[in-house]
Amino acid sequence: MKLLLNSRRQRNCTLAFEDGQAIYKITTPFKVTGRVTTILRVVSSAKDEHNDADLDSRLQDKFAHLAEIEWQYIKSSRLRFRGDDIDMGTLFRKFGLGPYGRHRAFTAPDGREYVWKMGMWASEVCPAVNVTAGEINYALFQLYLNDDSIPKKPLIAKYHRPTFNPIGPNKPGYLEISPEGEPILDDIVVTFVIVETYRKERERASR
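Here UniProt numbering is used: position 120 in the sequence shown is 120, and no number is missing along the way.
If you are wondering where the hints come from, they were derived from the structure by calculation, not from laboratory data.
A few of these clues could be false.
[Stated by the list, open to error] Under the rule of at most 20 Å between Cα atoms (straight-line distance), these lysine-lysine pairs were calculated in the PhoX-like manner:
no., residue 1, residue 2
1, Lys75, Lys31
2, Lys152, Lys117
3, Lys94, Lys25
4, Lys200, Lys31
5, Lys117, Lys158
6, Lys171, Lys152
7, Lys2, Lys158
8, Lys200, Lys158
9, Lys117, Lys2
10, Lys171, Lys62
11, Lys200, Lys117
12, Lys75, Lys25
13, Lys2, Lys25
14, Lys94, Lys153
15, Lys153, Lys117
16, Lys62, Lys75
17, Lys94, Lys200
18, Lys117, Lys94
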């Protein structure tokens, strides 16, 4: 599964399937301090319960509240998700080290721990180049299942930066989700917004 971002700004974007159907809407109105990010998720289509095609077309682009992130700079930011009010200082377990921060692990509703591993950034990246298409693509984040009983930890999700193509149209950034990651898709999207925000803050501070 691919979720395409229509903007480089992860706190103000839409995530959609390749056919254009929007699945998540993320908005963060501008404020000098105390910004709040709201994440909405598309309401499931009614076609499984009704055979009314018109009703289905009306419902497929309706969105419901999924999560809210209250960003703070002096005290800990907070995440409100699934009825819980979470101190973001306790949301992730940090370990290791990436170019702009430590890797971050979180526990999903299935009781398993997943790790966002920080990849290489624009200033240090070793790109994979498709010579025929002239494409340059950067993989920034990779999400793995953190299970020591599995010899090779399965890749659950990967974030790809927008691509630059000198001989054709540019391509948007996207989240690539494995089938194993689909049951925790909401958790992947919410934690991605947080981790990418932290990553950009560290990148700006290093300039």
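These are the hints, each one checked on the structure:
A hinted pair counts as satisfied when its Cα atoms are at most 20 Å apart, and Lys75 with Lys31 qualifies at roughly 17 Å. For a cut-off of 20 Å, the pair hint linking Lys152 to Lys117 stands: about 15 Å separates their Cα positions. Taken as a hint, the Lys94 and Lys25 pair is broken in the structure, with Cα atoms around 28 Å apart against an allowance of 20 Å. The hinted pair formed by Lys200 and Lys31 meets the criterion: a straight-line CA distance of about 18 Å does not exceed 20 Å.
Taking the CA atoms of Lys117 and Lys158, the gap is about 9 Å. The hint holds against a cut of 20 Å. Our distance criterion of 20 Å between C-alpha atoms is broken by Lys171 and Lys152, whose separation comes to about 31 Å. This hinted pair checks out: Lys2 and Lys158 have alpha carbons roughly 10 Å apart, not beyond 20 Å. Taking the CA atoms of Lys200 and Lys158, the gap is near 17 Å; set against the 20 Å cutoff, the hint holds.
In summary, the hint linking Lys117 to Lys2 is supported, as the alpha carbons are separated by about 19 Å, within the 20 Å threshold. Note on Lys171 and Lys62: the hinted pairing is violated, with a Cα-Cα distance of about 26 Å set against a maximum of 20 Å. For the hint pairing Lys200 with Lys117, the CA-to-CA distance comes to about 15 Å; that is within 20 Å, so the pair holds. For the suggested pair Lys75 and Lys25, the alpha carbons sit about 27 Å apart, so the restraint of at most 20 Å is broken.
As the CA atoms of Lys2 and Lys25 are separated by approximately 15 Å, the hinted pair is consistent with the 20 Å bound. Restraint check for Lys94 and Lys153: the C-alpha separation of about 18 Å stays at or below 20 Å, so the hint holds. For the proposed pair Lys153 and Lys117, the alpha carbon gap of about 12 Å is at most 20 Å, so the pair holds. Restraint check for Lys62 and Lys75: the C-alpha separation of about 34 Å exceeds 20 Å, so the hint is violated.
Between Lys94 and Lys200 the CA atoms are separated by roughly 17 Å; this keeps the pair inside 20 Å, and the hint holds. Simply put, Lys117 and Lys94 have alpha-carbon atoms about 10 Å apart, close enough for the 20 Å limit, and the pair holds.
Hint check: violations occur at hints 3, 6, 10, 12 and 16; the rest are consistent with the structure.
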